[in-house]
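*Asks:* Chains as they are written, first to last, in the numbering used here: chain A, 893 to 1006; chain B, 20 to 132.
Treat the hints as calculated values from the structure; they're not laboratory data.
Where a beta carbon is used, it is the ideal one built from N, C-alpha and C, also for glycine.
Do not rely on the hints blindly, as some may be mistaken.
[Unchecked claim] Listed next, with one range per pair, are the computed distances between beta-carbon atoms:
hint : chain 1 : residue 1 : chain 2 : residue 2 : range
1    : A       : S962      : B       : R128      : 40 to 50 Å
2    : A       : S952      : B       : G71       : 29 to 39 Å
3    : A       : L1003     : B       : S57       : 13 to 23 Å
4    : A       : N909      : B       : R41       : 36 to 46 Å
5    : B       : T39       : A       : N909      : 18 to 28 Å
6    : B       : T26       : A       : S962      : 26 to 36 Å
7    : A       : S972      : B       : E73       : 43 to 53 Å
8    : B       : Q63       : A       : P899      : 17 to 27 Å
9    : A       : T964      : B       : R128      : 15 to 25 Å
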Amino acid sequence: AQSVAQPEDQVNVAEGNPLTVKCTYSVSGNPYLFWYVQYPNRGLQFLLKYITGDNLVKGSYGFEAEFNKSQTSFHLKKPSALVSDSALYFCAVREDTGFQKLVFGTGTRLLVSP
Amino acid sequence: DSGVTQTPKHLITATGQRVTLRCSPRSGDLSVYWYQQSLDQGLQFLIQYYNGEERAKGNILERFSAQQFPDLHSELNLSSLELGDSALYFCASSPQGGGSPLHFGNGTRLTVT
């Protein structure tokens, strides 16, 4: 069964600094990996995904993520954080076979200070 | 706007009651997913439907049931409600499984008193 770990409950970063939100995963086969963001009282918004190909994927709002197969990681990054990036971030994984469920991590709260 | 519509936005009910949550997927999406989000359990997958058929099941209680209708909208039925069922219930849709991202509605906040 697939699983996702987000080891940090919260990440604090100053505006203008680079940010990283960590994610590691476990699947039996090949992974489909996703990052979502959730703002208060809203649903999850899709940021980016890795299916195959380049290990560095670019997504919405200047975010990118690096897929590392040997470390089974898919960390979310942004070169320069904005206060408006403050939100709850979820990593998710699904196996690439059949109708597999999409499993989410526990979420990491990102707090960007002015 | 994700294109996924969930009703109602808020629901307050008493223990032992039954409620129905409704979801209309994005136009063209055949798959519908239900998730429960609570403070202590995170985002828990409940069930997935594809074109009217159940495709995957997660940690869904026997008191809960769901279905997807021919017009592709879906309903999640919660019965014999307990205080612990209070949570945010999300519906999501996608064209199919695999590498397609899920698009989430804004959720139904259920409060059981």
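*Asks:* Taking the hints in turn, state whether each one holds.
*Replies:* How the hints compare with the structure:
Range check, A/S962 to B/R128: Cβ separation about 41 Å, and the 40 to 50 Å hint holds. For the pair A/S952 and B/G71, the supplied restraint of 29 to 39 Å holds, since their beta-carbon distance comes to about 32 Å. A beta carbon spacing of about 22 Å between A/L1003 and B/S57 agrees with the range 13 to 23 Å that was offered as a hint. For the hinted restraint 36 to 46 Å between A/N909 and B/R41, the CB-CB distance of approximately 43 Å keeps it satisfied.
At about 47 Å, the beta-carbon gap between B/T39 and A/N909 misses the expected band of 18 to 28 Å. Checked against the given bound of 26 to 36 Å, the beta carbons of B/T26 and A/S962, roughly 46 Å apart, lie outside it. Remark: the range hint 43 to 53 Å for A/S972 to B/E73 is upheld by a beta-carbon distance near 45 Å. At about 20 Å, the beta-carbon gap between B/Q63 and A/P899 stays in the expected band of 17 to 27 Å.
For A/T964 paired with B/R128, a C-beta distance near 35 Å fails the hint of 15 to 25 Å.
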